[in-house]
Amino acid sequence: MTGDPSVAHDTKHAHAHPSGATYLKVAAILTIITVVEVWAYYIPALVASPLFNPSLIILSAAKFLIVVLFYMHLKYDHKLFKVLFTGPLIIAGATIVALLFLFHQLKISF
Amino acid sequence: MSAHTTAAGHDDGHVHHHYTTTGLDNRKIAIWAFIGSECMLFASLIATYLIYKGRSIVGPFPHTEYVNEAGQIFKPILDIPVTSASTFVLLMSSLFMVLALQAVQIKHLPLPDGAGWWTRAQRSSQLWLFMTASFGAIFLMFQAYEFTAFVHEGLTVKTNLFGSTFFTLTGFHGAHVTAGVLWLTSLLWIDRTRGLGPQDELIVDIAALYWHFVDVIWIVIFTLVYLIQ
Amino acid sequence: MASIAAPTTAAYASGENENTGIWSWITTVDHKRIGTLYLWTALFFFLVGGFEAVLIRTQLMRPNMGFVSAETYNQLFTMHGTTMVFLAIMPLSAAFFNYLIPLQIGARDVAFPRLNAFSYWVYLLGGIFITLPILFKLAPNGGWFGYAPLTTNRFSPGPNIDFWVLGLQILGISSLAAAFNFITTIINMRAPGMSLMRMPMFTWMSFVVQFLVVLAFPPITIALFFLLMDRFFGTTFYAIAAGADPLLWQHLFWVFGHPEVYILILPAFGLVSEVLPTFSKKPLFGYNVMVYSGIMIGFLGFGVWAHHMFAVGMGAVADSIFSLMTMLIGIPTGVKIFNWIATMWSGEIRFTVPMKFAIALIALFTIGGISGVMHSSPPADLQQTDTYFVVAHFHYVLFGGSIRGIFAGISFYYPKMTGRHLDESLGNWHFWLNFIGMNLTFFPMHFSGLLGMSRRIYTYDAGQGWDLFNMMATWGTYLLVVATAIFVWNFVRSRTRGAIAGNDPWGGATLEWSIPSPPPEYNFAQIPEVTSRYPLWDLKAPEKTAGIDHSHADAMTITDAHAVPVHEETERHTAKELGIPMPYPTVKPLVVAFSMVVMFCGLLFLRNGMFAVAMTITIGGGAAMVAGLYSWLTAPLE
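Chains as they are written, first to last, in our numbering: chain A, 1 to 110; chain B, 1 to 229; chain C, 1 to 638.
Hints were generated in silico from the structure; no laboratory data involved. Hints are supplied without guarantee of correctness; some may be wrong.
[Claimed, not checked] Quick list of in silico lysine-lysine cross-link-like pairs, DSBU-like style, CA-CA up to 30 Å:
1) B:Lys53 - A:Lys107
2) B:Lys75 - A:Lys75
3) A:Lys25 - B:Lys107
4) B:Lys107 - A:Lys82
5) A:Lys79 - B:Lys53
6) B:Lys107 - B:Lys75
Can you build the whole structure from these sequences, using the hints too?
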């Protein structure tokens, strides 16, 4: 918890939600990214590239972020929700990375 | 299970006309705390899947061919076209979900003269709730098909580490989708019996947050389990 | 003040004002009653766990004793650990979360009163589920840490571990449900003016603990689910023959297990942070730093888990990182110790029973903390791991720290909860016998441990230099039995015989002391508007709080028109008279909790190949649970 979320704040329609058109655009972007991901899966040259896995993870993270920001309204909503979500997300992500490192699925050379 | 626990909180907040410190509704804070907890739940499942990736002693394997001692050939088991389709279905259900929430928010506004079908459709929460729940159900049918096909091809939860981790991870997600479909169907039922209006924005909002979260988890699973080799 | 409070309290004690029938307890959604239920239930399990410890210590009193068999011994030490962690300390803390958080933040109840009742019933039923098997010599026997593959079917073929796996899943649901409830309560139910940095320290530490629960319980839920799948459905998560990694369980368990340590100790830290300023008549030293160090402990707590596993050979890099993180976490903990000491420094100290327990926590926790820093160095840890040195370490932390904090809390808040004081002289007997017994039991274990005595062994040969230390530890345990018996006698007897306590028997600083003892069902007849951290001292002894910020600048806009300045409420009414809407009592949370436990019970039958029976019970219980939930959610709260 950083900062004090205890500022009285009338949320009822205080924040503008995006319009239906924005939701459709977001859906289109998500679909395009998914098509690109699956398309890349079928190009052996791309799959063999060392950049394949990192790129796919970045694309997936982008989709994740878009849904959370727009469909879950985190971009528009009270900052308290951002804190409640990003805190656990960071700990969860760090735990996955630490576990993969401990089980030698991630190699770090010194 | 825990999904129910939070759903349990769901109607406790009939107190929303009461004073709250932040001006926010209790139920919305609780669902975000719940989603934070779910991050850690799926992190544990995903980490285990990745830890055991490539460690199975016998096949079938996800992305490579396996020939057993008897010379029997097992093709790579993941069916990318089918799962791509089911991924698309779940993404679309998320779109329908935001449209359902928007419909609840704006349905009381007067329709402009000569409004087209899209403007009218945007005000129908029943339509979008029905579409969301149906697409969720279609996703579950895809998953049932996938699981059945895998079992026929010789992969069960007992076969190898891949089978154990794959079925448990995707099964956990499927259980979350099932709870979500049940939740959305209940909302649809309320909408049909008494009609959902702007005053019900919150109960649709928290269902939507849960539903989108289940969707983003699938976005991660689709990449880490199906696409990365 | 007492002259006003006395008659109303006497009326309360004779049951005139309140509905006290058994049905009223079964259907209650009042956070104070649920807190009381937690307190009694957890004290009962504390006695059960203590009794198990007595049997363990009796077996270890002399070399080659045959008091219990090796198998019974395994069940005893497994259940001692499981009971103390999940059924005693956590729920004792939960008793205080329930009772105190709404009172301290100026709320009339928690955010979700029915969910709160659900948490309690799940805890009670889960506790019974996991405790009953020991009566049939079928108790879990794989240690409280349940290391797989030891706990898989191959090495633990009996039903013992099934009870443990299912029992912990049930208890986890209780803790998680409660955590979501308290997070929401603390964020959203604070009285006007109660900004985060004005919250009492107990509420702050509880707030941190709820986040630890929310993030630490999912990994163990998953680890247990894997074990459940392995045991009941033949998956290969922990099957080494199928290529599984024997460290998977250990990592997932300790990702939970280390934050769990802070879940056990931080509420006790919070309680003594209430006790020390009150009896030193000084504000808590370094409030802000206390808050930040609590958050820091919670955050770093997720990055130290592998220090439980230095002996498994993780490699130099991993060992170094976890060693460093462990040493780091000693800093915010040390900060707290020094701040408590500075709080007492030049204060007008009153050595009451709660104050003695609080000071003892500082001393004994420091000993446990220092031996903890010793373990953080892998070379030292390799000598100490799995010996009695470690047993000494964590009992100094948990029995010396957590339990002492909880006893401080019980003796401090007993007057608030019951309207009567605990007997001071019996309390002193309890304190001193407990203090001596505790040190006599656990200090010698440092020596037997360094002399090489392993944990978990059910007996040992003479002539290894351990005999004296074990004899001392066992006699210390018997002393603890006497101390605890005095406490129980005092606890039960004072409910009707104790001296009447008014609103504020200790001269406390926070909101819970502004209302009658025991508090009326609605807590605050008028919601107070808070202007500083020590609202009651502002009222009664403003000179104490002259140095504290009282600015209105960060006070929240008052949206509740009924809020009034902080004041003492001495009259007792019913909610009806005051027109305060209260939640309806309801049995539905119990129904849902019960059906859920039935659902889990069904899985027990899978072991004997009774698939149809198992599925019938599980699906039946599940269906009843869903039906109960629908009925609950469609019924209005108040």
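Structure-based check of each hint:
Taking the CA atoms of lysine 53 of chain B and lysine 107 of chain A, the gap is about 15 Å. The hint holds against a cut of 30 Å. With a C-alpha separation of about 44 Å, the suggested pair lysine 75 of chain B and lysine 75 of chain A falls outside the 30 Å cut-off, and the hint is violated. Taking the CA atoms of lysine 25 of chain A and lysine 107 of chain B, the gap is near 22 Å; set against the 30 Å cutoff, the hint holds. Taking the CA atoms of lysine 107 of chain B and lysine 82 of chain A, the gap is near 28 Å; set against the 30 Å cutoff, the hint holds.
Only pairs whose Cα atoms come within 30 Å are accepted, and lysine 79 of chain A paired with lysine 53 of chain B is rejected, the gap being roughly 37 Å. A hinted pair counts as satisfied when its Cα atoms are at most 30 Å apart, and lysine 107 of chain B with lysine 75 of chain B does not qualify at roughly 52 Å.
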